[in-house]
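Peer 1: Sequence:
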Amino acid sequence: MGVRHDKIRSMMENYLNIIKKEEVELWYGKGTKLKIHNINFSVTEESVMVESIIVLGEIINEEVLDRKLAELLIIDMMPYFFPEVETVRVMARWDV
Numbered sequence: 001m002g003v004r005h006d007k008i009r010s011m012m013e014n015y016l017n018i019i020k021k022e023e024v025e026l027w028y029g030k031g032t033k034l035k036i037h038n039i040n041f042s043v044t045e046e047s048v049m050v051e052s053i054i055v056l057g058e059i060i061n062e063e064v065l066d067r068k069l070a071e072l073l074i075i076d077m078m079p080y081f082f083p084e085v086e087t088v089r090v091m092a093r094w095d096v
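All residue numbers for the sequence shown refer to our numbering, where the first residue is 1 and numbers rise by one.
Quick caveat, the hints were computed from the structure, so don't treat them as lab data.
Computed from a predicted structure; not experimentally measured.
Treat each hint with caution, since some may be false.
Claimed, not checked - In silico lysine-lysine, BS3-like type, Cα no more than 30 Å apart, as pairs:
(1) K20 to K33
(2) K21 to K35
(3) K7 to K35
What the hints assert, rightly or not - Have a look at the derived ranges for each label pair, beta carbon to beta carbon:
(4) H37 to E63: 19 to 29 Å
(5) I59 to P83: 16 to 26 Å
(6) E63 to E84: 29 to 39 Å
(7) E58 to V85: 26 to 36 Å
(8) R93 to S47: 14 to 24 Å
(9) I59 to V85: 19 to 29 Å
From the three backbone atoms N, C-alpha and C, an ideal C-beta is built for every residue, glycine too.
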């Protein structure tokens with residue numbers, strides 16, 4: 001990723017981990033952070049694939065260990081960063 005995308009990725013992570021912190025911690029557990037690992041744009045269509053990592057915190061809410069919230073938060077924030085993108089796909093994985 002280039003310098004521009006590194007800055008945007010950092011801003012996206014700040015949005016997820018500062019502005020949406022309460023939602024993330026309520027869903028996944030206290031101390032959980034969402035990281036943007038990679039952003040890949042399609043050459044042929046106006047779509048993007050975002051690879052994210054859900055880094056679980058010290059208190060894990062085992063009742064909701066699914067990726068739905070991370071995926072929804074990323075899809076919802078994309079128009080703020082890339083308004084031209086029509087389709088957003090998210091691939092999330094776990095880390096501790």
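Peer 1: Are the hints correct? Go through all of them and say.
Peer 2: Outcome of the hint check:
1. K20 to K33: holds, 10 Å
2. K21 to K35: Roughly 12 Å between the alpha carbons, so the hint for K21 and K35 holds.
3. K7 to K35: holds, 13 Å
4. H37 to E63: 19 to 29 Å: For E63 against H37, whose Cβ atoms are near 25 Å apart, the range 19 to 29 Å holds.
5. I59 to P83: 16 to 26 Å: violated, 36 Å
6. E63 to E84: 29 to 39 Å: holds, 38 Å
7. E58 to V85: 26 to 36 Å: Because 35 Å falls inside the window, the suggested range holds.
8. R93 to S47: 14 to 24 Å: holds, 20 Å
9. I59 to V85: 19 to 29 Å: violated, 34 Å
In summary, the structure is inconsistent with hints 5 and 9 from the numbered list given earlier, while agreeing with the others.
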